[in-house]
Amino acid sequence: MPQRHEIYLKLTQVLDGLMLGLIFIGAHAVRAALVNWFPDLRPIPELERFLWLLAVIVPIAPIVLELQGFYNHPLRKKTGDAPRQILRGLTWLALILGMCVVFLKWNAESRSVLLLFMGVGGVALWIREWVTRRYLVYRVAQSDRHLRTVVAGEPDDMEGVLATMPVEERLQTEIVDRIDLTSEPVGRLENVLRRGAVERVIFAADHVNFRTVEAAIHVCETQGVEAWLAADFMNPNISRMRIEMMGGKPMLVYRSTPDNGWALLAKEAIDRVGAALLILATAPIWLAAAAAIRLASPGAPVVFRQERSGRYGRPFTMLKFRTMHPDAEARRVELEHANQVKGGPAFKLEDDPRVFPLGRLLRKLSIDELPQLWNVMRGDMSLVGPRPLPVYEVEKIEVSAQRRRLSVKPGLTCLWQVSGRSGITEFAEWVRLDLEYIDNWSLWLDWKILFRTVPVVLTGVGAR
1 MPQRHEIYLK LTQVLDGLML GLIFIGAHAV RAALVNWFPD LRPIPELERF LWLLAVIVPI
61 APIVLELQGF YNHPLRKKTG DAPRQILRGL TWLALILGMC VVFLKWNAES RSVLLLFMGV
121 GGVALWIREW VTRRYLVYRV AQSDRHLRTV VAGEPDDMEG VLATMPVEER LQTEIVDRID
181 LTSEPVGRLE NVLRRGAVER VIFAADHVNF RTVEAAIHVC ETQGVEAWLA ADFMNPNISR
241 MRIEMMGGKP MLVYRSTPDN GWALLAKEAI DRVGAALLIL ATAPIWLAAA AAIRLASPGA
301 PVVFRQERSG RYGRPFTMLK FRTMHPDAEA RRVELEHANQ VKGGPAFKLE DDPRVFPLGR
361 LLRKLSIDEL PQLWNVMRGD MSLVGPRPLP VYEVEKIEVS AQRRRLSVKP GLTCLWQVSG
421 RSGITEFAEW VRLDLEYIDN WSLWLDWKIL FRTVPVVLTG VGAR
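Residue 1 is where the sequence shown starts when you use the working numbering, and the numbers rise one by one after that.
Honestly, I wouldn't trust all of these hints.
Keeping only pairs whose Cα atoms sit at most 27 Å apart, straight-line, the calculated DSS-like set for lysine-lysine is [as the list claims (entries may be wrong)]:
| id | residue 1 | residue 2 |
| --- | --- | --- |
| 1 | K320 | K348 |
| 2 | K364 | K448 |
| 3 | K320 | K396 |
| 4 | K396 | K342 |
| 5 | K348 | K396 |
| 6 | K348 | K364 |
| 7 | K342 | K320 |
| 8 | K364 | K342 |
| 9 | K364 | K320 |
| 10 | K448 | K320 |
Pair ranges (Cβ atoms, derived) [unchecked claim]:
| id | residue 1 | residue 2 | range |
| --- | --- | --- | --- |
| 11 | W130 | A269 | 51 to 59 Å |
| 12 | L34 | W286 | 33 to 41 Å |
| 13 | R378 | M165 | 42 to 50 Å |
These are computed hints drawn from the structure, not numbers from a lab.
Predicted model only: the values in this text are computed from it and were never measured.
The beta carbon of each residue, even a glycine, is placed where N, CA and C say it ideally should be.
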């Protein structure tokens with residue numbers, strides 16, 4: 001990343017934090033002034049009571065926005081990216097501030113200041129981003145100082161890189177020279193860098209010997225010029241690339257699973273804290289369910305334990321409240337012919353005779369799944385993720401692409417649960433929804449699935 005963009009990034013983050021702080025103060029002033037025009041409105045406390053929130057807003061707002069990619073270079077983003085990034089960032093900020101408000105037991109009048117702040121703050125951030133983008137485009141178009149760039153590699157590859165360069169990026173780039181590394185010596189690149197004020201070299205080297213590219217990059221290193229390597233010499237269909245160091249050697253890592261470190265860390269924290277809170281909140285239901293199962297099916301365990309496949313197929317013991325007769329597993333073979341899941345190893349029955357009457361009620365209300373909160377607490381599962389299959393079912397998966405659902409932690413709910421649940425009878429469709437979740441994962445998607453799960457659980461849609 002160019003050094004000037006680093007400076008721009010830090011400065012913009014500081015200014016955005018200060019701008020949002022001023023907007024919060026302004027939101028309080030506007031809400032306080034509304035009492036003069038609308039006497040029926042109740043007054044709000046003085047600003048001093050709210051000032052401590054500035055210590056949260058000013059530093060935290062830029063962080064959550066950066067996690068959404070809001071501070072990526074404006075000229076390298078799509079036009080529609082900023083509104084989505086602002087919405088997601090402010091949603092997270094609202095959740096953080098909302099927890100503070102609940103903890104302090106603020107009344108509705110005080111909370112209205114936050115609502116006003118969020119609305120105005122979102123619009124202000126979008127306007128600031130739009131103005132910044134327009135200004136940068138104008139400045140680049142008018143300036144005679146462009147990013148002096150050499151393109152090196154194989155001719156067709158170089159044309160491909162230049163053809164896919166965004167228009168805004170092209171405006172600020174001056175192509176100083178093109179060097180064909182398949183026919184010209186690396187020494188020519190060295191001479192070009194010595195002769196001109198070159199800021200970066202873009203290597204489009206799909207069909208160039210690796211040793212030649214390595215030598216050319218060393219030339220850039222020696223002269224302090226940035227080297228950009230177009231790493232499309234391998235074209236994975238869905239994997240995202242990142243660079244890791246192993247034993248001092250740079251490794252290109254192709255990963256088809258979510259790769260946002262901070263967001264994954266937040267997901268882990270939400271899982272553990274959320275599971276703990278849900279266990280406490282549902283403790284009376286646990287006790288009632290356990291007692292009812294003991295009465296309805298005496299002499300058998302209350303909790304059913306089964307080996308399920310976790311992340312990467314690693315087995316773990318999943319817990320459920322028992323809803324079937326003790327001989328359920330032994331009777332499965334005789335019921336295989338009635339399996340309603342087509343094209344895969346999963347086993348589901350519309351009216352499973354192995355389920356005892358109370359078990360049907362527990363399944364209808366999804367109460368039987370509550371012990372899996374303990375699996376989430378242990379780290380075996382997540383609140384949101386593909387449902388874990390028994391180990392023996394995973395061993396029967398024949399389509400390799402379907403095993404990619406094992407690349408993330410299994411969860412209590414996922415797109416399958418909120419898109420039809422057991423009403424989906426094609427295993428391929430079930431897996432497609434799981435892979436759609438993996439490919440589009442974000443914390444925002446997790447929250448949407450959790451919110452959509454609530455009515456599904458309360459109404460018992462698709463439960464068996």
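Fill in: In rising order, the numbers of the hints this structure does not comply with
11, 12
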